[in-house]
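Using the sequences and the hints, build the whole thing.
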Amino acid sequence: MPWARFLDEVAEAGYSWIELGPYGYLPTDPARLTEEAARRGLRVSAGTVFTGLHRGPSVWESTWEHVGRVAELTRAMGAKHLVVIPSFWRDDKTAEILEPPELTGAQ
Numbered sequence: 001m002p003w004a005r006f007l008d009e010v011a012e013a014g015y016s017w018i019e020l021g022p023y024g025y026l027p028t029d030p031a032r033l034t035e036e037a038a039r040r041g042l043r044v045s046a047g048t049v050f051t052g053l054h055r056g057p058s059v060w061e062s063t064w065e066h067v068g069r070v071a072e073l074t075r076a077m078g079a080k081h082l083v084v085i086p087s088f089w090r091d092d093k094t095a096e097i098l099e100p101p102e103l104t105g106a107q
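In full-length UniProt numbering, the protein residues as written are 1 to 107.
Some clues are possibly wrong.
Using C-beta positions, here's what the derived DEER-type ranges look like [said to hold, decoys possible]: (1) TRP3 to TRP64: 35 to 43 Å; (2) ALA11 to LEU103: 16 to 24 Å; (3) TRP60 to GLU12: 36 to 44 Å; (4) LEU103 to TYR15: 30 to 38 Å; (5) LYS93 to ALA13: 35 to 43 Å; (6) ALA11 to PRO100: 34 to 42 Å; (7) GLU19 to GLU65: 14 to 22 Å; (8) ALA4 to ARG75: 19 to 27 Å; (9) VAL59 to HIS81: 21 to 29 Å; (10) ILE97 to LEU53: 15 to 23 Å; (11) GLU96 to ALA38: 18 to 26 Å; (12) PRO101 to GLU12: 16 to 24 Å; (13) PHE50 to LYS80: 18 to 26 Å.
None of these hints come from the bench; they were simulated from the model.
A virtual CB, placed ideally from N, CA and C, is assigned to each residue, including glycine.
This is the structure we're talking about:
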């Protein structure tokens, strides 16, 4: 669903707060996102980070870079919280299994 339609439908449903969702789905320019949200009477309550920290040190640096971008936009939107959601073990479009659904003891 296009992001503008999402914002329209959220506002039409009577919501006044949203999370940022996957980074890049909504505009990442704070001025534009502020304008688009305000036109619909919406405010941002939190940023959202999908991450696979359980995959170990090999992903930590890129994860922190991503968290930094999300946190910067979150702060610019006046929100003070980040919601961290583990990466999905299935592809969200095809349902293909990407990794085992259970963590190992080391993870």
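For each hint, the structure was consulted:
1. TRP3 to TRP64: 35 to 43 Å: This hint is violated: roughly 26 Å between Cβ atoms.
2. ALA11 to LEU103: 16 to 24 Å: 38 Å, violated
3. TRP60 to GLU12: 36 to 44 Å: Given a distance of about 40 Å, which is inside 36 to 44 Å, the answer is holds.
4. LEU103 to TYR15: 30 to 38 Å: 34 Å, holds
5. LYS93 to ALA13: 35 to 43 Å: About 24 Å separates the Cβ atoms of LYS93 and ALA13, which means 35 to 43 Å is violated.
6. ALA11 to PRO100: 34 to 42 Å: Check passed, 40 Å falls within 34 to 42 Å.
7. GLU19 to GLU65: 14 to 22 Å: Cβ of GLU19 to Cβ of GLU65: about 20 Å, so the range 14 to 22 Å holds.
8. ALA4 to ARG75: 19 to 27 Å: At roughly 24 Å between Cβ atoms, ARG75 and ALA4 fall inside 19 to 27 Å, so the hint holds.
9. VAL59 to HIS81: 21 to 29 Å: 23 Å, holds
10. ILE97 to LEU53: 15 to 23 Å: The hint (15 to 23 Å, Cβ to Cβ) holds, given that ILE97 and LEU53 are roughly 20 Å apart.
11. GLU96 to ALA38: 18 to 26 Å: 39 Å, violated
12. PRO101 to GLU12: 16 to 24 Å: The hint (16 to 24 Å, Cβ to Cβ) is violated, given that PRO101 and GLU12 are roughly 36 Å apart.
13. PHE50 to LYS80: 18 to 26 Å: 20 Å, holds
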